[in-house]
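Number of protein chains: 2
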Amino acid sequence: MFRVVILGAGNVATHLIQAFEKASNVEVVQVFNRSKKGLESLPFAGNSTTDINHLMEADCYIISVPDDAVQELSESIPFSNRLVVHTSGSVSLNELNSKNRRGVFYPLQTFSKERAVDFSVVPICIEAENSIDLKVLNELASSVSKSVYEVNSEKRKQLHLAAVFVCNFVNHMYQIGFDLSEKNGIPFSILKPLIKETAAKIENASPKEMQTGPAKRNDQNTIEKHLNLLEQPLQKEIYKLLSQSIQKTYGREKL
Amino acid sequence: MFRVVILGAGNVATHLIQAFEKASNVEVVQVFNRSKKGLESLPFAGNSTTDINHLMEADCYIISVPDDAVQELSESIPFSNRLVVHTSGSVSLNELNSKNRRGVFYPLQTFSKERAVDFSVVPICIEAENSIDLKVLNELASSVSKSVYEVNSEKRKQLHLAAVFVCNFVNHMYQIGFDLSEKNGIPFSILKPLIKETAAKIENASPKEMQTGPAKRNDQNTIEKHLNLLEQPLQKEIYKLLSQSIQKTYGREKL
Numbered sequence: 250m251f252r253v254v255i256l257g258a259g260n261v262a263t264h265l266i267q268a269f270e271k272a273s274n275v276e277v278v279q280v281f282n283r284s285k286k287g288l289e290s291l292p293f294a295g296n297s298t299t300d301i302n303h304l305m306e307a308d309c310y311i312i313s314v315p316d317d318a319v320q321e322l323s324e325s326i327p328f329s330n331r332l333v334v335h336t337s338g339s340v341s342l343n344e345l346n347s348k349n350r351r352g353v354f355y356p357l358q359t360f361s362k363e364r365a366v367d368f369s370v371v372p373i374c375i376e377a378e379n380s381i382d383l384k385v386l387n388e389l390a391s392s393v394s395k396s397v398y399e400v401n402s403e404k405r406k407q408l409h410l411a412a413v414f415v416c417n418f419v420n421h422m423y424q425i426g427f428d429l430s431e432k433n434g435i436p437f438s439i440l441k442p443l444i445k446e447t448a449a450k451i452e453n454a455s456p457k458e459m460q461t462g463p464a465k466r467n468d469q470n471t472i473e474k475h476l477n478l479l480e481q482p483l484q485k486e487i488y489k490l491l492s493q494s495i496q497k498t499y500g501r502e503k504l
Numbered sequence: 250m251f252r253v254v255i256l257g258a259g260n261v262a263t264h265l266i267q268a269f270e271k272a273s274n275v276e277v278v279q280v281f282n283r284s285k286k287g288l289e290s291l292p293f294a295g296n297s298t299t300d301i302n303h304l305m306e307a308d309c310y311i312i313s314v315p316d317d318a319v320q321e322l323s324e325s326i327p328f329s330n331r332l333v334v335h336t337s338g339s340v341s342l343n344e345l346n347s348k349n350r351r352g353v354f355y356p357l358q359t360f361s362k363e364r365a366v367d368f369s370v371v372p373i374c375i376e377a378e379n380s381i382d383l384k385v386l387n388e389l390a391s392s393v394s395k396s397v398y399e400v401n402s403e404k405r406k407q408l409h410l411a412a413v414f415v416c417n418f419v420n421h422m423y424q425i426g427f428d429l430s431e432k433n434g435i436p437f438s439i440l441k442p443l444i445k446e447t448a449a450k451i452e453n454a455s456p457k458e459m460q461t462g463p464a465k466r467n468d469q470n471t472i473e474k475h476l477n478l479l480e481q482p483l484q485k486e487i488y489k490l491l492s493q494s495i496q497k498t499y500g501r502e503k504l
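Protein sequence lines correspond, in order, to chains A and B.
If you want my numbering, it's the position in the first sequence, counting the first as 1, plus 249.
If you want my numbering, it's the position in the second sequence, counting the first as 1, plus 249.
Please keep in mind that the hints were generated in silico from the structure rather than gathered at the bench.
Treat each hint with caution, since some may be false.
Same chains, same label: a pair holds when it works inside one copy or across any pair of copies.
[Unchecked claim] Result set (DSS-like, lysine-lysine): computed pairs, CA atoms no more than 27 angstroms apart in a straight line:
| # | residue 1 | residue 2 |
| --- | --- | --- |
| 1 | Lys457 | Lys441 |
| 2 | Lys465 | Lys362 |
| 3 | Lys497 | Lys362 |
| 4 | Lys485 | Lys271 |
Excised from the complex, chain A in its bound form (with noise of 0.2 angstroms):
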């Protein structure tokens, strides 16, 4: 049985623990979170802190709280030379402070608290300093997870940046795809089943094969017909640079 504490009380901490509860192999034996409040809201009803002196023994610390406070809270752990890792796809491995043995456990999913998430298919990308932490990560992220990925902290940098666009900048995409459709009187609905498809064309083909659009077919005409359209300048913009873009890809230099 593998010991775990959990530091951190938000969307990844939330997941993390309910992932772990369900895995037979795994006991988080402590949440801490500095504010009572963060404890109070997850659902967990196992020993918790908000006294970084108080940690309990465990395999593993997790910590899973905003990028910039990763260092800091690492610094402030008392104990030495434990595995202590975080979930954090931008943070370097030697971000976290050299006293204990340090890892990084980062499942590359987008949690809210208020969705569940079926964990058995989010890729969990883990590294470590020794053979040994690595198994041991190994072993706790294959308890919740099926795609298991030794990635070092370079490579998970850009894993990072990747899954900025094809996850924030598209959602980014439905917003205004939002806003455009509601100040028309159009409901969102409607644009749903294009959205589901969109997504489901690259599961067996690359993006290149599937983009379709004026922009790709080079239509001038709709492109500048669409450019009216838009009344708010940053919309302008992107659709612009977009379609720029677009073309460069398929060869087409010009706007």
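Once you've looked at the hints, dock chain B against the given chain A.
Below, chain B without anything else, positioned relative to chain A:
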């Protein structure tokens, strides 16, 4: 039984023919296409012609050709006072020649020849000049889809513009994610669960509620790191502009 003639042999025409072939109350009596080659590649065994003067008698003629070819093709039709519609999102009803009764039959989906489409969930936007023709289009659309909407030309243009954001631009974000992962020796497949979840999240919530990421959190440190990682100037520009737009959406104007 509705008798339909399809004019065109592209992606939309192909999928439309296949959908109508499955409908019990519609018969595709003929397919017209200027080039014989296009006709030969169609999965259609019925009557076909490359001669516009040989069009057969039908209840509805569906023009499914590139946007900039719709008008000319509608002019070249030798008869008058029949129901002639097009399938384009961005072309007005009145770009069709007025010698015939005009209409629109716009399936809001992204079609690729090699990928099967479940037409029953594809929203079809219809428009006509009179209520009898609208009823015909409604029955035709209902024969292949559960989602039929009456949408006028103005709204349809806005909808098509919204579709460019949620489909074409989204796919381009996938493409950039693909490039970044492949360039760093990371299989693109690691990003697929994230892509799927990002699309699934907005099924029951608005995109605004579901936004995550460095720009949403105003995490300037991560934004700067990402900009430094990006080598391609256009990708850098896209990252900057979309982060700025997300920050503006959530009330933070400065990048």
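Hint-by-hint comparison with the structure:
Proximity of Lys457 to Lys441 under the C-alpha cut-off of 27 angstroms is found in both arrangements, the shortest distances being 22 angstroms within a copy and 15 angstroms between copies. In this assembly of identical chains, Lys465 and Lys362 lie within 27 angstroms of each other by CA distance solely across copies; the values are 16 angstroms between and 37 angstroms within a copy. Taking CA atoms no more than 27 angstroms apart as the test, Lys497 paired with Lys362 passes between copies only; the shortest distance there is 24 angstroms, against 39 angstroms inside one copy. When the C-alpha separation of Lys485 and Lys271 is checked against a cutoff of 27 angstroms, the pair qualifies neither within a copy, at 47 angstroms, nor between copies, at 41 angstroms.
Hint compliance for this structure: hint 4 is the single one not met.
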